[in-house]
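Use these hints to put chain B onto chain A, whose structure you have.
From first to last, the protein sequence lines are chains A and B.
Anchor point for the first sequence: position 416 equals 416 in the numbering used here, and the numbering is continuous, going up by one each time.
Anchor point for the second sequence: position 231 equals 231 in the numbering used here, and the numbering is continuous, going up by one each time.
Hints listed in this document are in silico derivations from the structure and should not be mistaken for laboratory results.
These numbers were taken from a predicted model, which means no experiment stands behind them.
Hints should not be assumed to be uniformly reliable.
Derived pair list, reagent style DSBU-like, types lysine-lysine, alpha-carbon separation capped at 30 Å [as the list claims (entries may be wrong)]:
| id | chain 1 | residue 1 | chain 2 | residue 2 |
| --- | --- | --- | --- | --- |
| 1 | B | 400 | B | 422 |
| 2 | B | 54 | B | 254 |
| 3 | A | 80 | B | 400 |
| 4 | A | 133 | A | 80 |
| 5 | B | 133 | B | 54 |
| 6 | B | 61 | A | 8 |
| 7 | A | 397 | B | 261 |
| 8 | B | 438 | A | 168 |
| 9 | B | 260 | B | 278 |
| 10 | B | 245 | B | 260 |
| 11 | B | 168 | A | 20 |
| 12 | B | 20 | B | 407 |
| 13 | B | 278 | A | 261 |
| 14 | A | 54 | B | 3 |
| 15 | A | 61 | B | 61 |
| 16 | A | 61 | B | 3 |
| 17 | B | 8 | A | 54 |
| 18 | B | 438 | B | 397 |
| 19 | B | 308 | B | 278 |
What follows is a set of in silico ranges between Cβ atoms, one per label pair, in the way DEER data are often shown [what the hints assert, rightly or not]:
| id | chain 1 | residue 1 | chain 2 | residue 2 | range |
| --- | --- | --- | --- | --- | --- |
| 20 | B | 5 | A | 250 | 47 to 53 Å |
| 21 | A | 61 | B | 12 | 25 to 31 Å |
| 22 | A | 381 | B | 223 | 49 to 55 Å |
| 23 | A | 168 | B | 445 | 29 to 35 Å |
| 24 | A | 255 | B | 442 | 44 to 50 Å |
| 25 | A | 381 | B | 417 | 53 to 59 Å |
| 26 | A | 358 | B | 260 | 53 to 59 Å |
| 27 | B | 445 | A | 430 | 39 to 45 Å |
| 28 | B | 432 | A | 207 | 50 to 56 Å |
| 29 | B | 369 | A | 226 | 41 to 47 Å |
Heads up, the beta-carbon is just placed ideally off N, CA and C, and yes, glycines get one too.
Residues per chain are reported as follows:
There are 2 protein chains.
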Amino acid sequence: MIKPSIPKGTRDFGPVVVRKRQYIFQTIRETFELFGFQPLETPAMEQMDTLTGKYGEEGDKLIFKILDNGDILGRAQQAKDSRELGILLCEKALRYDLTIPFARFVVMNQNDLAFPFKRYQMQPVWRADRPQKGRYREFYQCDVDIVGSNSLLNEIELLMIYDSVFTKLGMEGYEIRINNRKILSALAEVAGKPELLTDITVAIDKLDKIGIEKVKEELSERGLNESEIAIIANFLNIEGNNEEKLQQLGELFKNSETGKKGIEELTYVLHSQPTAFKTTPILDVTLARGLNYYTGMIVEVKAPSTVKMGSIGGGGRYDDLTGLFGLPNLSGVGISFGVDRIYDVLEELQLFPATAQQGTRVLIFNMDANTTSTAFPMLASLRARGIAAELYHEPSKMDKQMKYANKRGIPYVIIMGESEVKEGVLSIKNMVSGLQEKIAVADLANYSFQ
Amino acid sequence: MIKPSIPKGTRDFGPVVVRKRQYIFQTIRETFELFGFQPLETPAMEQMDTLTGKYGEEGDKLIFKILDNGDILGRAQQAKDSRELGILLCEKALRYDLTIPFARFVVMNQNDLAFPFKRYQMQPVWRADRPQKGRYREFYQCDVDIVGSNSLLNEIELLMIYDSVFTKLGMEGYEIRINNRKILSALAEVAGKPELLTDITVAIDKLDKIGIEKVKEELSERGLNESEIAIIANFLNIEGNNEEKLQQLGELFKNSETGKKGIEELTYVLHSQPTAFKTTPILDVTLARGLNYYTGMIVEVKAPSTVKMGSIGGGGRYDDLTGLFGLPNLSGVGISFGVDRIYDVLEELQLFPATAQQGTRVLIFNMDANTTSTAFPMLASLRARGIAAELYHEPSKMDKQMKYANKRGIPYVIIMGESEVKEGVLSIKNMVSGLQEKIAVADLANYSFQ
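This is chain A alone, in the form it adopts within the complex (with noise of 0.2 Å):
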């Protein structure tokens, strides 16, 4: 017998870990539905040609792809390598990330939607990556995007959903970070090597990680001469609030009408309601994000300081991406949670509240054959009450009921033993506070458990 186990880089979730990501989900969830938007669900597999070609030379490897079903002998023999093989085996995959089935999807459905269309999407995906600390095989996505609509009202609409997120998820000292790639297109302009925008974006992406010093030895490597450079490093050293950093910068990029357009969208977003945010948005010139689809305002939240973990969530607007499919000129602008993160966040701040944590309140005692009858009335009302109540499964010892209402940590049991009977009445412990009452049975029903 083979001891089992699961494939690496993925996790069973018990009890205590679901109802806690349950917890996190729903917050967010109510939170996506109380903005408006509405939820999708797309399958697991996707037709391989939907993938393919959507996430890069790399991306492409780290597909999962499913083996097709009956004959395929012959198929596996014209393959030349490992790659064909998997081309000639395999018409489907699994779901790489939420975006491209969300693309998908809204071309699939174009005439029956009605645009903008506002969905979240809260599904696992897969990918082949090599599993190590906080990088799984298998993860939650959460994603909320409107397409077909150039609204910078949306952006607005977005980062308030950060900030309510993450104000119900009791979390203090994260930070909202946005910048705009806009900006980032004028800087490569001003520095004088447009081309290189990409280059640029991904050199300044590695500032947090690299520090200055390195980030200019990339932007050497990557073609950039020193004048070129001292532009970009002058660039990633504006300091200060967000109006003083919107001042350099119409200052830097007073003669690019790119540069223009990118502060004038920042401004609109940061000035448009201010007053309404419980952590107000930081304009982070520096942030750039890896992904190269990113056409306007880029945002990324920050976890607090006082934890080690880095980003919690990004995303900002881009275009076309149902293009890819055969429907372009489809603005959208979209961001996500990461729920690993965010839950690891919430653990080391201690901030999931007891009611995410609570299974059954009530043990009912199983005493003798006879507690059976009291019993089943007496849960059918604690249920009724809205209250997880059971009984234990057997007539037992004492304290192997109370060992199962510890290992299971059930905070009230209900006793009645012989004693408890002749009286009239229940005893109730409080596993917690190690203190027991007596109660008349009557008075069960108005017995808190709180």
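For chain B alone, kept in the frame of chain A given last:
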């Protein structure tokens, strides 16, 4: 450009459907929690050897296998047939049901779990079945089980869960039918062919579909003679209310120890809490259920007869499920809910409540550039009251915004046109009744939108 599609047998769930499905899941989840069950989630992928050999030869063929990444061409070249190719190229496969992953989890975590372990699990499974009406390659299972207890209290609790869930869903006229595998064993005994128990069970299982004459034919083909078949036919004729049936079973099995045990178990379950059920379980001696790992009570829920649907749930007691993974002698009992079919029943009987179909309640029309500053505080106040609200994304013509509200099924719109602003009022239009009224801006906080 290829027209995008999804794999056959899979489905996209749009907003309306997701909300209704969430309502079903939420109703079931709440009930499971009230009864003291705990959530479990396992990975979509399992190790291949966790799954193979567990579902019979036919089942094995229907498991979706995941192609290993990396250099696999050499391995492919060693395969002599398609089956072997799958084994050589795939270490992992997609979950085929929730029962085997549950057993695997229990064995892996046996030292940390409190037994009896009461868990529920609601996740998708994947089967390479030929897709047809009502049969999908990806579908949700929704299981609740107790392992590590022989007590019949568990059977009663599970039947009450069925009763509770279907009552909450507003379903009437459904039937909870129960039987006991020991009764069927005793029947094989009394008929003189104990070694043909499985054949007899399989034949009886078809009674509903093919009728008594065909069942007799099948029994004959499977090796029973006329007098043996007569005993079975006689048994299948047992009729009356539960008490009358128990009485007749008692007669038939008065010399069978197995039979008497089966009757005792059925009697205990049926007599325990008859008044607690909204829908009293019905003893159905013809109930067999296909899977042959059941050993005690078996149960099936039939949809209301006004709907052509058949079974919407089922389950039973099994022994030794975890024995497959090296942990023997752990008895379990469980039931499952057929969520796709329950969905269809609720839809046909129009039992989905309005709340399960409600997205955005209020759309604020975007009249001009000034709307935003007044609209944002209104949105914040509505959302704080739990009312889903949105602002149309950009200033547009009234009819365009009306069309959007209609297409989205939004029941209320708020209009702040020139005349409203001048008067200091809002127009609120009920999109269902068509009625429009003006209220003072300050009165919005008390407007119910019901």
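Hints, one by one, checked against the model:
no., hint, in the structure
1, B:400 with B:422, "holds (24 Å)"
2, B:54 with B:254, "violated (36 Å)"
3, A:80 with B:400, "violated (56 Å)"
4, A:133 with A:80, "violated (36 Å)"
5, B:133 with B:54, "holds (26 Å)"
6, B:61 with A:8, "holds (24 Å)"
7, A:397 with B:261, "holds (26 Å)"
8, B:438 with A:168, "violated (34 Å)"
9, B:260 with B:278, "holds (28 Å)"
10, B:245 with B:260, "holds (13 Å)"
11, B:168 with A:20, "holds (26 Å)"
12, B:20 with B:407, "holds (18 Å)"
13, B:278 with A:261, "violated (66 Å)"
14, A:54 with B:3, "holds (16 Å)"
15, A:61 with B:61, "holds (27 Å)"
16, A:61 with B:3, "holds (24 Å)"
17, B:8 with A:54, "holds (22 Å)"
18, B:438 with B:397, "holds (20 Å)"
19, B:308 with B:278, "holds (22 Å)"
20, B:5 with A:250: 47 to 53 Å, "holds (49 Å)"
21, A:61 with B:12: 25 to 31 Å, "holds (27 Å)"
22, A:381 with B:223: 49 to 55 Å, "holds (54 Å)"
23, A:168 with B:445: 29 to 35 Å, "violated (21 Å)"
24, A:255 with B:442: 44 to 50 Å, "holds (49 Å)"
25, A:381 with B:417: 53 to 59 Å, "holds (55 Å)"
26, A:358 with B:260: 53 to 59 Å, "violated (43 Å)"
27, B:445 with A:430: 39 to 45 Å, "holds (41 Å)"
28, B:432 with A:207: 50 to 56 Å, "holds (54 Å)"
29, B:369 with A:226: 41 to 47 Å, "holds (46 Å)"
In the structure shown, a violation is registered for the earlier hints numbered 2, 3, 4, 8, 13, 23, 26, in ascending order.
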